[in-house]
Amino acid sequence: MSLIQIHDLTRRYVMGTETVHALRGVSLSIERGEYIAIMGPSGSGKSTLMNLLGCLDSPSSGYYELNGVNVAHMDDNELAEIRNREIGFVFQSFNLLPRSDSLHNVELPLIYAGMPSEERREKAIQTLTHVGLAERMHHKPNELSGGQRQRVAVARALVNNPSIVLADEPTGNLDSRTGEEILGLFETLSRKGNTIIVVTHEEDVAQHARRIIRIRDGLIAADEVNPHPRAAMKFAQEQSALTLNG
Amino acid sequence: MTLLSEFKESVIIAWAALRANKLRAGLTTLGIVIGIVSVTLMGTAITGLNAAFKKSLAGISADTLFIQRFSWMTGETEWRLSRNRREITLQNARDVERLATLAAAVAVESQGNGTVSVGRKQARGVWVEGNDENSLLVRGLSLSSGRWLTESDVQSGRPVCVLGSYLAERFFPYGGAVGSKVKLNDMNLEVIGVMEKQGSFFTGFNLDNQIVLPITRFTRDFSRWPDFTIQVKVRDLSQMEDAKEELRGIMRKLRRVPPDKADDFAINQQDALINFFNAVGGSIAAVGLFISGLSLFVGGIGIMNIMFVSVAERTKEIGIRKAIGAKRRTILVQFLVEAATITLGAGILGLLIAWPLTLVVDKFLAASMPWWLVGVALVVSVLTGVVSGFLPAWRAARMNPVDALRAD
Chain A
2 MSLIQIHDLT RRYVMGTETV HALRGVSLSI ERGEYIAIMG PSGSGKSTLM NLLGCLDSPS
62 SGYYELNGVN VAHMDDNELA EIRNREIGFV FQSFNLLPRS DSLHNVELPL IYAGMPSEER
122 REKAIQTLTH VGLAERMHHK PNELSGGQRQ RVAVARALVN NPSIVLADEP TGNLDSRTGE
182 EILGLFETLS RKGNTIIVVT HEEDVAQHAR RIIRIRDGLI AADEVNPHPR AAMKFAQEQS
242 ALTLNG
Chain B
41 MTLLSEFKES VIIAWAALRA NKLRAGLTTL GIVIGIVSVT LMGTAITGLN AAFKKSLAGI
101 SADTLFIQRF SWMTGETEWR LSRNRREITL QNARDVERLA TLAAAVAVES QGNGTVSVGR
161 KQARGVWVEG NDENSLLVRG LSLSSGRWLT ESDVQSGRPV CVLGSYLAER FFPYGGAVGS
221 KVKLNDMNLE VIGVMEKQGS FFTGFNLDNQ IVLPITRFTR DFSRWPDFTI QVKVRDLSQM
281 EDAKEELRGI MRKLRRVPPD KADDFAINQQ DALINFFNAV GGSIAAVGLF ISGLSLFVGG
341 IGIMNIMFVS VAERTKEIGI RKAIGAKRRT ILVQFLVEAA TITLGAGILG LLIAWPLTLV
401 VDKFLAASMP WWLVGVALVV SVLTGVVSGF LPAWRAARMN PVDALRAD
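Residue numbers (my numbering), protein chains in the order written: chain A, 2 to 247; chain B, 41 to 448.
None of these hints come from the bench; they were simulated from the model. These figures come from a predicted structure and were not determined experimentally. Ideal Cβ positions, reconstructed from N, Cα and C, are used throughout, including at glycine. Be aware that a few hints might be false.
To spell it out: a stretch of chain B is covered by chain A in this simulated footprint if at least three of its residues, at any positions, have a beta carbon under 8 Å from a beta carbon of chain A; those stretches are [unchecked claim]:
{"id": "1", "segment": "45–57"}
{"id": "2", "segment": "348–360"}
{"id": "3", "segment": "364–374"}
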């Protein structure tokens, strides 16, 4: 059974007197362990699709089954629970809590999951160590470099063992070298069996995925397997492999 | 997520948020601090007033009825109607003593104002009491030295007196009051006893600034047409109503009041005074607490305002938390705890300010800050936070995560 099954999903926004059709009927299915890029120019509806896939928003019509559960008509609180359990977000602007240190930021999903404090501390330390930030546990976001911040965000996304890691332009605020590092991290995670969906408008970033879905005017324009996924630069791969094993 | 860990997390967040905006939190707190100070002081003053009043009344026993010309609780119309009543006479008192069956003791008293002097020392505005031999028991007094008036003192109108402790200390600071001579206006009196200290009445009236002389002497040399009060100590508290009816019958007969006419006297009792005071004190308290509550209300509006600002500038944070799995309740609790933390802190600060102020007030008016008032003040401050934080917190809780994440 597919991890994600979407059928004829639409999303309309009413802006004043005008109705904007952001998604006009999208159907797709995603298997466990896939590494997917969703591409499209701005205004194409890719952000809307990401919000729906991430259960941040509810569709106007259509069917969405995530991990065997129909989430299309869930209310606010039920969706919050699904997000907490099933989805790890990585945002373009990191979206860490500025006043909390790395450890607390990574612990946050576990707090909301109701995990006892010792267990969640241990888990957060473990995950931060995996992304190579064992030394930066008690640094606040403004004491970290962009790449390090994004690693904290990745750790936060992973700490709950979600079904999907959903990354929205994860390299958008990073220089190309650190961007490669993060993509290398994703590759390693993918190889370990995580399902990763990257939303981007950069062809370079998308080429790392093994499947590329192109959105245009609220519809899927193309959905194809990437025959030759680009490997992250050698050094980045080595580094992330090192940290993930160490 | 369990409520406890949610709460713990909220307290941590609240602290961090407040520390990040110290000045703003401090200024907001000020409104609540002022509110709590004024409410607490008002409460303190009211309880102090109550306590002082009860203490003062404790001297007058609850089992005593007072037969007087006027009721203690007359309205203006009643006052006009009763103005021309005949005086209560000494003879009335003697007859009541003879006829009343439910009375344990009957005393007669009258009062006035005079100047007491010893040599060149003078005390003006002294409370002068004409009493008889039963007054010690009926008025519930006790002596620190000497003796009380005897029956023969009263019958023969001997020039003797008993001093209140204040006067005794004033004129005879080194003791030896008993046996000395004092002058009341132009009258020479021998001191035969000194009363024990009683303290001040709640109005600040000094109960120890009094001089007692035989009622007969009082009417002869001090006040020619005095107004008497017949004080009747009833045998048993449970017989108060019966005793009142009996006395009424006796007085009507003595004063030959026709059956179709109303009483031309009044029978007062402490109960009525307490009820009256409770009614008056209750409305003073209500008005006082309402006015000081207004300042708390204004403080609450300040909290609401600042919480709206706090929610608005942390929209992004709310979005992040929601994306990660915070439910509505979690966000709601977070902001409520933050508001309650501000107001609780303000409440504690307010109490710390109010406490020394209470001690200052105590110099003028018996005031005390009981523990329950501290508890009430803290509960009220937390409630103010929760109530005024609710609307902003609810707005935060209902935010759509997509829109919230998009905020800067």
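These are the hints, each one checked on the structure:
With 4 residues carrying a beta carbon less than 8 Å from a beta carbon of chain A, the segment 45–57 of chain B meets the three-residue requirement, and the given coverage holds. Closer than 8 Å: that is the beta-carbon criterion, and the segment 348–360 of chain B has 4 residues meeting it against chain A, so the requirement of 3 holds. Coverage of the segment 364–374 of chain B by chain A holds. Counting CB-CB distances below 8 Å, 7 residues qualify, and the rule asks for three or more.
When held up to the earlier numbered hints, the structure conflicts with none and fits them all.
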